[in-house]
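Student: So the sequence lines, in the order shown, correspond to chains A and B. Quick note: my numbering has the first sequence finishing at residue 115, numbered continuously throughout. Quick note: my numbering has the second sequence finishing at residue 116, numbered continuously throughout.
It is worth saying that the hints were derived from the structure and are not from the lab. C-beta atoms are modelled at their ideal positions from N, C-alpha and C, and glycine is treated no differently. Take the hints with a grain of salt, since some may be wrong.
[To be verified] With a cut-off of at most 30 Å between alpha-carbon atoms, the simulated DSS-like pairs for lysine-lysine come out as follows:
{"id": "1", "chain 1": "B", "residue 1": "78", "chain 2": "A", "residue 2": "58"}
{"id": "2", "chain 1": "A", "residue 1": "58", "chain 2": "A", "residue 2": "77"}
{"id": "3", "chain 1": "A", "residue 1": "114", "chain 2": "A", "residue 2": "102"}
{"id": "4", "chain 1": "A", "residue 1": "102", "chain 2": "A", "residue 2": "77"}
{"id": "5", "chain 1": "A", "residue 1": "49", "chain 2": "A", "residue 2": "22"}
{"id": "6", "chain 1": "A", "residue 1": "102", "chain 2": "A", "residue 2": "22"}
{"id": "7", "chain 1": "B", "residue 1": "78", "chain 2": "A", "residue 2": "102"}
{"id": "8", "chain 1": "A", "residue 1": "22", "chain 2": "B", "residue 2": "62"}
{"id": "9", "chain 1": "A", "residue 1": "77", "chain 2": "A", "residue 2": "49"}
[Said to hold, decoys possible] Okay, the calculated bits of chain A under chain B, using three or more residues with CB under 8 Å as the criterion:
{"id": "10", "segment": "17 to 31"}
{"id": "11", "segment": "101 to 108"}
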Amino acid sequence: AQSVAQPEDQVNVAEGNPLTVKCTYSVSGNPYLFWYVQYPNRGLQFLLKYITGDNLVKGSYGFEAEFNKSQTSFHLKKPSALVSDSALYFCAVRPGSGNTGKLIFGQGTTLQVKP
Amino acid sequence: DARVTQTPRHKVTEMGQEVTMRCQPILGHNTVFWYRQTMMQGLELLAYFRNRAPLDDSGMPKDRFSAEMPDATLATLKIQPSEPRDSAVYFCASSRTSGGVTGELFFGEGSRLTVL
């Protein structure tokens, strides 16, 4: 079955420290991978995506993610966290074979950045 | 600033009533998705359309849910009759598919449904 796992329900970091939000996936074919962020009472906002090419992808608000095919992971990172980064983060995957366009989302990880 | 527009933003209704949620996708986007978000289940795909044709509605309870795209600027999700377990936030998202490749999804602000 095709799936996405975000093993941490919550990640706590201090402002200014680096952050990592983990994501692993299981899909057939070469995956398309995405990160979205959701602020309270808002819709999801696109952060970044990996389709092909360089394994390190840079996105909005200083976020980046590293695609690791051998570990089937796509962890989200930021060198220096801001309090305003506190939100719910979703990893999503689109199977590469038979592109239907639909995304499979992980359960989400709440990021809490403390001053 | 192009955005996906959803109405209503909030809806409180009683069990058994009909509920219709509407979505205006971003102009030029030809793929439209309906997702439901709950604390227990997270984000679930209910249905999606490409060029107004339904591609997959396997995530929808068929007996009470229906999704349509009367035209390229309007997608609807209807629940009849509604039940308390339908209480959730319903998101519409749109994307552009070209050459067989679908770009990132753009989400609306959601319709928060409470069924009493």
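Student: Take the hints in turn and mark each one as holding or not.
Tutor: Evaluation of the provided hints:
no.: 1; hint: B/78 / A/58; verdict: violated (39 Å)
no.: 2; hint: A/58 / A/77; verdict: holds (10 Å)
no.: 3; hint: A/114 / A/102; verdict: violated (35 Å)
no.: 4; hint: A/102 / A/77; verdict: holds (25 Å)
no.: 5; hint: A/49 / A/22; verdict: holds (15 Å)
no.: 6; hint: A/102 / A/22; verdict: holds (21 Å)
no.: 7; hint: B/78 / A/102; verdict: holds (21 Å)
no.: 8; hint: A/22 / B/62; verdict: violated (35 Å)
no.: 9; hint: A/77 / A/49; verdict: holds (13 Å)
no.: 10; hint: 17 to 31; verdict: violated (count 0)
no.: 11; hint: 101 to 108; verdict: holds (count 8)
In this structure, the earlier hints numbered 1, 3, 8 and 10 are contradicted, and the remaining ones agree with it.
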